[in-house]
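Peer 1: Same order as they appear, the protein sequences are chains A and B.
Using our numbering, you'd call the opening residue of the first sequence number 807 and step up by one each time.
Using our numbering, you'd call the opening residue of the second sequence number 807 and step up by one each time.
Since the hints were made in silico from the structure, they are not lab data.
Keep in mind that the hints are not guaranteed to be accurate.
Unchecked claim - Okay, derived cross-link-like pairs now, EDC-like style, lysine to aspartate or glutamate, Cα gap no bigger than 16 Å in a straight line:
1) A:Lys1220 to A:Asp987
2) B:Lys1172 to B:Glu1015
3) B:Lys1172 to A:Asp1124
4) B:Lys923 to B:Asp987
5) A:Lys1172 to B:Asp829
6) B:Lys1264 to B:Asp843
To be verified - One side only, chain A facing chain B, incomplete, derived with CB under 8 Å:
7) Pro971
8) Ala1083
9) Ile1089
10) Leu1091
11) Ala1095
12) Asn1115
13) Trp1118
14) His1240
Claimed, not checked - Residues on chain A that point at chain B, a partial pick, calculated with CB under 7 Å:
15) Ser1022
16) Met1029
17) Ile1038
18) Ser1042
19) Val1055
20) Pro1058
21) Ile1106
22) Thr1111
23) Val1114
24) Tyr1121
25) Thr1122
26) Ser1139
27) Asp1166
28) Thr1168
Idealized CB from N, CA, C, for every residue including glycine.
Number of protein chains: 2
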Amino acid sequence: MTAPHVLDPVLARIDATLPEALDRLMDLLRIPSISTDPAYAPDCARAADWLVADLQSLGFVAAARPTPGHPMVVGHGGAGGPHLLFYGHYDVQPVDPLSLWDRDPFDPELQDGPKGKVIRARGASDDKGQLMTFLEACRAWVEVHGALPCRLTVFLEGEEESGSPSMVGFLQDNKAELTADIALICDTGLFQGTDPAIVTMLRGLLGEELTIRAASRDLHSGMYGGLAANPIRVLSRILAGLHDDAGRVQVPGFYDGVTELPDAIRQQWQALSFDHARFLGDIGLSVPAGEVDRTPLEMIWSRPTAEVNGIWGGYTGDGFKTVLPGEAHAKVSFRLVGAQDPFAIREAFRAWVQAQLPGDVTVEFKGHGNSPASVMSVDNPAFAAARAALTEEWGRPAAFVGAGGSIPVAGYFKTHLGMDAMLLGFGRDDDQIHSPNEKYDLESFHRGIRSWARVLAKLA
Amino acid sequence: MTAPHVLDPVLARIDATLPEALDRLMDLLRIPSISTDPAYAPDCARAADWLVADLQSLGFVAAARPTPGHPMVVGHGGAGGPHLLFYGHYDVQPVDPLSLWDRDPFDPELQDGPKGKVIRARGASDDKGQLMTFLEACRAWVEVHGALPCRLTVFLEGEEESGSPSMVGFLQDNKAELTADIALICDTGLFQGTDPAIVTMLRGLLGEELTIRAASRDLHSGMYGGLAANPIRVLSRILAGLHDDAGRVQVPGFYDGVTELPDAIRQQWQALSFDHARFLGDIGLSVPAGEVDRTPLEMIWSRPTAEVNGIWGGYTGDGFKTVLPGEAHAKVSFRLVGAQDPFAIREAFRAWVQAQLPGDVTVEFKGHGNSPASVMSVDNPAFAAARAALTEEWGRPAAFVGAGGSIPVAGYFKTHLGMDAMLLGFGRDDDQIHSPNEKYDLESFHRGIRSWARVLAKLA
Chain A
807 MTAPHVLDPV
817 LARIDATLPE
827 ALDRLMDLLR
837 IPSISTDPAY
847 APDCARAADW
857 LVADLQSLGF
867 VAAARPTPGH
877 PMVVGHGGAG
887 GPHLLFYGHY
897 DVQPVDPLSL
907 WDRDPFDPEL
917 QDGPKGKVIR
927 ARGASDDKGQ
937 LMTFLEACRA
947 WVEVHGALPC
957 RLTVFLEGEE
967 ESGSPSMVGF
977 LQDNKAELTA
987 DIALICDTGL
997 FQGTDPAIVT
1007 MLRGLLGEEL
1017 TIRAASRDLH
1027 SGMYGGLAAN
1037 PIRVLSRILA
1047 GLHDDAGRVQ
1057 VPGFYDGVTE
1067 LPDAIRQQWQ
1077 ALSFDHARFL
1087 GDIGLSVPAG
1097 EVDRTPLEMI
1107 WSRPTAEVNG
1117 IWGGYTGDGF
1127 KTVLPGEAHA
1137 KVSFRLVGAQ
1147 DPFAIREAFR
1157 AWVQAQLPGD
1167 VTVEFKGHGN
1177 SPASVMSVDN
1187 PAFAAARAAL
1197 TEEWGRPAAF
1207 VGAGGSIPVA
1217 GYFKTHLGMD
1227 AMLLGFGRDD
1237 DQIHSPNEKY
1247 DLESFHRGIR
1257 SWARVLAKLA
Chain B
807 MTAPHVLDPV
817 LARIDATLPE
827 ALDRLMDLLR
837 IPSISTDPAY
847 APDCARAADW
857 LVADLQSLGF
867 VAAARPTPGH
877 PMVVGHGGAG
887 GPHLLFYGHY
897 DVQPVDPLSL
907 WDRDPFDPEL
917 QDGPKGKVIR
927 ARGASDDKGQ
937 LMTFLEACRA
947 WVEVHGALPC
957 RLTVFLEGEE
967 ESGSPSMVGF
977 LQDNKAELTA
987 DIALICDTGL
997 FQGTDPAIVT
1007 MLRGLLGEEL
1017 TIRAASRDLH
1027 SGMYGGLAAN
1037 PIRVLSRILA
1047 GLHDDAGRVQ
1057 VPGFYDGVTE
1067 LPDAIRQQWQ
1077 ALSFDHARFL
1087 GDIGLSVPAG
1097 EVDRTPLEMI
1107 WSRPTAEVNG
1117 IWGGYTGDGF
1127 KTVLPGEAHA
1137 KVSFRLVGAQ
1147 DPFAIREAFR
1157 AWVQAQLPGD
1167 VTVEFKGHGN
1177 SPASVMSVDN
1187 PAFAAARAAL
1197 TEEWGRPAAF
1207 VGAGGSIPVA
1217 GYFKTHLGMD
1227 AMLLGFGRDD
1237 DQIHSPNEKY
1247 DLESFHRGIR
1257 SWARVLAKLA
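Working from the sequences, and respecting the hints, build out all of it.
Peer 2: Given below as structure tokens:
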């Protein structure tokens, strides 16, 4: 337990300086740090430098550390108590289709929304707004008490949205420096937008891009249509066969390592009374797709999936062109659970595609990141402490939940540093992360900062 | 029969003035008259004006005639004998992917090729080079004899590559002016690149664009993947089901009006000894796709098809984005034969797609042109006369053939003007029309001009 005279002035300071904290976040949101597009590499570097300067202003010894891709930001500060590592990422998703944004994605604005004020910008929720909740909690602590509450390492990545290609190498090269007692990761959300939550199960991710080729050039469909193979049709057939009618993925061996949910967890999740009608209704849908005989929450948190994230081929402009194209392309991703092996699934998927190609038709693959699923050790007492801190701040019981998205770094921390991770965050399902008009609720930002102050007080 | 003293000096004049004829074609090829893209509308108008001026220089009374789209060029000249209408089109296909062109598509060049000199540019073969063979034959005739050989109407369209949306209305509005004894259409090719040919069967065309929609916005595939419907997967399933394993189109009623090839025509086509291995080998393929139990020539000339000409949805840029898109799109075209009704097939296709949509998923359709197939009346004596003229010029027997591509105007002439059409042209299968690096053989251009001089001599 933390004495009230330690925590209360920190919380008061957070409340009093919220406008300044918001200004700092707006500054960071103005930097278009899109990591997947090489054109934005200078912006990623600029975002890293901005964070280094901010960490230095809090007394951290911080630097932007070079990688083969975008820099990692590492800062060390504080002393005594447990050694906590905080992880977030300063890179953001691309913004296309830009036409669906109501304003410039990199011109952030505080707007009035139906449920309160929101911060509107790409990265507001994923993950700049979230990572700043931790830095602002540190700032309030330093301003009130003159020092950080314990030994802290802040570790901010610039390649999370593009498959973290430099992460494993960086962890291996800096193992001693980065290994702490536990990692705190702020890249997740509130459950159903209301209940504080700690994620204890994370799906893994495997990305594959395939290019199907037939004729050596684009053809006139009148001259060759009906005789020459059409790569779009071949690709459509392959993608259509990725799932059977019951929604099960058809790649051989895909379900190896997938176990049924333990009854205890199933019961705990059922107690959460997930409102899937509202969850789907928010995005204009009413009918759950996916595997039959699985509950919606079970599907999102504990079942593996295959999805097509992009497809293109032939003429896609205005009007019509009777072309029979020479190539067609798709980007496919797999969400992985349990002990599914991303490397084995990659090989199985590629072989499964190859086996379906008609004569003359070839395929080329390009891998886009892979990470296994993670299941956290909730018997670490830090989980109970954080759960209590979150329950106090939000006035509702904090839940242990799963997460559909992949946060591979949690698995990397475990595999390469032997370090457990605790994931807690303040995003909401309607934040439109990865979509046009991304936002972060001002309440998430404010109470997120307060939540971290409480968690630090409990753990320190 | 035409006396040699009438034709021979015209042929000699054509041979002597070939460089000047080539210069004129190059001028026309420099105009990027892409009809399907509204950005090129001024260039289409410029091409029309160029042709009007050229026709006027030959003594035609010519004008660019406004339509709701790009202008029609109409010129009247000559007197006496039969009234012949010549049709060609001055618009061209888009040029994407531009990166696959060896040079600017609108900077034409005479190049040395393995089989002789070629004119390299978008539209060189389809259809600017071909239409100019007729105008150059007229020019030589006028220069030698001081007048055109008979009453001629030249009718040049600017929307052939974008579905001819203005054609039917224009024919109806100008029926008396445009109705001649027969139409001559120059938009086809030599058979196997060597034998002069007159097309007597043409496939029709129906174009459809479909947009599949599910969620009201793009989603994060980690958060919603496995639960929300994915429009790309729905679209892939629909397109994959467009054909069965035997290559037959699965839209109900699609084959209504399709009859088996008469034995006489089948025998004539078999006598042509079509080299499908070379036809496919030219485009890097070796295995005929399409309907089982049909010969390749039969498939191209006399069987209906369904092809996907374009597909797009989700993230298609560099790198990876784990988006579950709100929309997916495809452009689908049908080649029609016999008495297939494009309107009935459009309705059947739309209903067939609708019936396959899962809950929450909707579709929007956009029609892109439709025309029935055409079968010519070869008992018109003009066909025998033209066949003899072509045989004389090329030194090989001219064939009556089918054509896989659609030239809807032939059907429109029949339906709206009651006028038969005779299609003859000098393109080659390796002209790469609708593809990067389109070309037209200088031999096609030169002997094409001579061929028209001979045909005019026979018909006049």
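Peer 1: Against each hint, give a clear statement of whether it holds in the structure.
Peer 2: Okay, the hints, checked on the actual structure:
For the hint pairing A:Lys1220 with A:Asp987, the CA-to-CA distance comes to about 11 Å; that is within 16 Å, so the pair holds. Of the pairs offered as hints, the one joining B:Lys1172 and B:Glu1015 holds, with about 5 Å between alpha carbons and a cut-off of 16 Å not exceeded. Between B:Lys1172 and A:Asp1124 the alpha-carbon distance is near 11 Å, which keeps this suggested pair within the 16 Å criterion. For a cut-off of 16 Å, the pair hint linking B:Lys923 to B:Asp987 is broken: about 36 Å separates their Cα positions.
With a CA separation close to 47 Å, the supplied pair A:Lys1172 and B:Asp829 exceeds the 16 Å bound. Between B:Lys1264 and B:Asp843 the CA atoms are separated by roughly 40 Å; this puts the pair beyond 16 Å, and the hint is violated. With a least beta-carbon distance of about 10 Å to chain B, the hint placing A:Pro971 at the interface is violated under the 8 Å criterion. Violation of the interface hint for A:Ala1083 is found here, the shortest Cβ-Cβ separation to chain B being roughly 12 Å, above the 8 Å cut-off.
Nearest Cβ of chain B to the Cβ of A:Ile1089: about 4 Å, under the 8 Å cut. The hint holds. The interface hint given for A:Leu1091 holds, since its Cβ lies 5 Å from the closest Cβ of chain B, which is under the 8 Å cut-off. Given the 8 Å rule on beta carbons, the hint for A:Ala1095 holds: about 4 Å separates it from the nearest Cβ of chain B. Taking 8 Å as the C-beta contact cut-off toward chain B, the hint placing A:Asn1115 at the interface holds, the least distance being around 5 Å.
Because the beta carbon of A:Trp1118 sits about 4 Å from the nearest beta carbon in chain B, less than 8 Å, this interface hint is met. The interface hint given for A:His1240 is met, as the beta carbon of that residue sits about 4 Å from the closest beta carbon of chain B, less than 8 Å. A least Cβ separation of about 3 Å between A:Ser1022 and chain B falls short of the 7 Å threshold, and the interface hint therefore holds. Hint status for A:Met1029: holds, given a least beta-carbon distance of 5 Å to chain B, under 7 Å.
Evaluation of the A:Ile1038 hint against chain B yields a held restraint, the C-beta minimum of about 4 Å falling below 7 Å. Using the Cβ-Cβ criterion of 7 Å, the hint placing A:Ser1042 at the interface with chain B is satisfied: the shortest such distance is roughly 4 Å. Look at A:Val1055: its Cβ only gets to about 10 Å from chain B, farther than 7 Å, so that hint breaks. A least Cβ separation of about 19 Å between A:Pro1058 and chain B goes past the 7 Å threshold, and the interface hint is therefore violated.
For the restraint placing A:Ile1106 at the interface with chain B, the shortest Cβ-Cβ distance is roughly 6 Å, inside the 7 Å limit, so the hint holds. For A:Thr1111, the interface hint holds, since its Cβ comes within 7 Å of a Cβ in chain B; the closest pair sits about 4 Å apart. Because the beta carbon of A:Val1114 sits about 4 Å from the nearest beta carbon in chain B, less than 7 Å, this interface hint is met. The beta carbon of A:Tyr1121 is positioned within 7 Å of a beta carbon in chain B (closest approach about 4 Å), and the interface hint is therefore held.
Taking 7 Å as the C-beta contact cut-off toward chain B, the hint placing A:Thr1122 at the interface holds, the least distance being around 4 Å. Hint status for A:Ser1139 relative to chain B: holds, with the closest Cβ pair at about 5 Å, below 7 Å. With a cut of 7 Å, the hint placing A:Asp1166 at the interface with chain B holds, because the nearest CB-to-CB distance is about 5 Å. This hint is violated: A:Thr1168 has a C-beta 10 Å from the nearest C-beta of chain B, more than the 7 Å allowed.
The structure fails to meet hints 4, 5, 6, 7, 8, 19, 20, 28 from the earlier list, while all remaining hints are met.
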